[in-house]
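Chemist: Sequence order for the protein chains is A and B.
Numbering (the numbering used here) for the first sequence: 1110 to 1351.
Numbering (the numbering used here) for the second sequence: 958 to 1135.
None of these hints come from the bench; they were simulated from the model.
We put the beta carbon where it would ideally sit given N, CA and C, even for glycine.
Don't take each hint at face value.
Claimed, not checked - Partner residues are not named here, just some residues of chain B that face chain A (Cβ under 8 Å, in silico): (1) A973; (2) D1016; (3) S1024; (4) R1067; (5) F1127.
Below are the chains, spelled out letter by letter.
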Amino acid sequence: MSTRAEELQRVDDDERATRDADPAYFTPEYVGTRLRAPRKPLLLLPERLSELSGPAFGTDDVRASDSDLTQQHDGEPIGERIIVSGRVLGSDGRPVRSALIEIWQANAAGRYHHQVDQHPAPLDPNFTGGGRVLTDDEGGYRFITIKPGAYPWRNHDNAWRPAHIHLSVFGSAFTERLVTQMYFPGDPLFAYDPIYQSVRDPAARERMISTFDLASTKPEWALAYHFDVVLGGTLATPLENA
Amino acid sequence: MKIPRTPSQTVGPFFAFALMTRPMVVAADAAGAIRIEGRVLDGAGEPVPDGLVEIWGPDGDGRYTGSAGWGRSDTGPDGGYAFTTVRPGAVSEPDGCVQAPHLSVLCFARGLLKPVLTRIYFPDESEANAADPLLHALSDDERATLVAEPAGPGGYRFDIRLQGDDQTVFFTTPASGL
């Protein structure tokens, strides 16, 4: 076995974030990053099996009812019922099949089903706010849920998060893991939210905003929003067009 | 033709009610089972009590299969996480390169706008570690952050230090944006 020293490129995260879709770790306007963001250069990992592979989930990991967040309790949750659908794609445009998507969100009043959330808004006994689904052969997915409310947080004076649904997505590679937030069109809070604004490229920010999807609405029942998720292509040339 | 990626956003503090955990990748009495535990710490050395740690590793023969080597643990009030998993084998790459036994690790948390990516290597694999091309390319101080400490029979300790002089080495990959 030969020992071959690989040159590891050191990547300045702040510089990268000016060219990349993703925010920089250190984004001081978002106070939570100040003591948690790594400050040393990142090492560019040669793509090896460890990172080109990733867990593959199957139908055993999800139930059909997991994708309808309005049917997880005895009664109907309060709020505006919505349908959220879209596709998971690789950066080559190909669908990502059997991708596990997990979602979580606040209820219609802007309160999470979590003991640390002390926002004085009501919990809804008929809404937990968590779901999961596997994408189909076209990379498609669909959730039925309740439109989440905006909520205050303590990042700065009078800070409010725009309404959002958290998504966690597994691609085919471990390093394609993506956790993001889906926002709703026209939210007046975008301009004041340091998490949304942490993405520096305005065009990239807009890729986190769902679009109103009239064709997918169900008359007399629910409005619909469309949200496509594009994962990183692991075979891309290093940092090209990043 | 590339289409642009969806940006990463923080996992936030309120995921625990929705995200399943899988701290027991294998049963504690399974052949080759090891226990890995540690804490996630911030730049002030304080615990990160609202983090999420995921591991991904091969089987004892160095093969990645299905979701068998995947685990997920949230962190407790002391920043602690723990996994029971199978001891990973060395991984032979298509180009003949051999990687020392290791686990890939992603850590998510409030205050992390994208996850951090690192690796856990093993202290009792000194020969394989010495021959590992990635470890070989690191300084001694950097390498030390990636090697777990022994913690009893079949046990290892690996702390993830997000920031500071003793920050864990974190990686990025060409396209993932990590």
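Chemist: Tell me the numbers of any earlier hints that the structure contravenes, in ascending order.
Modeler: 2
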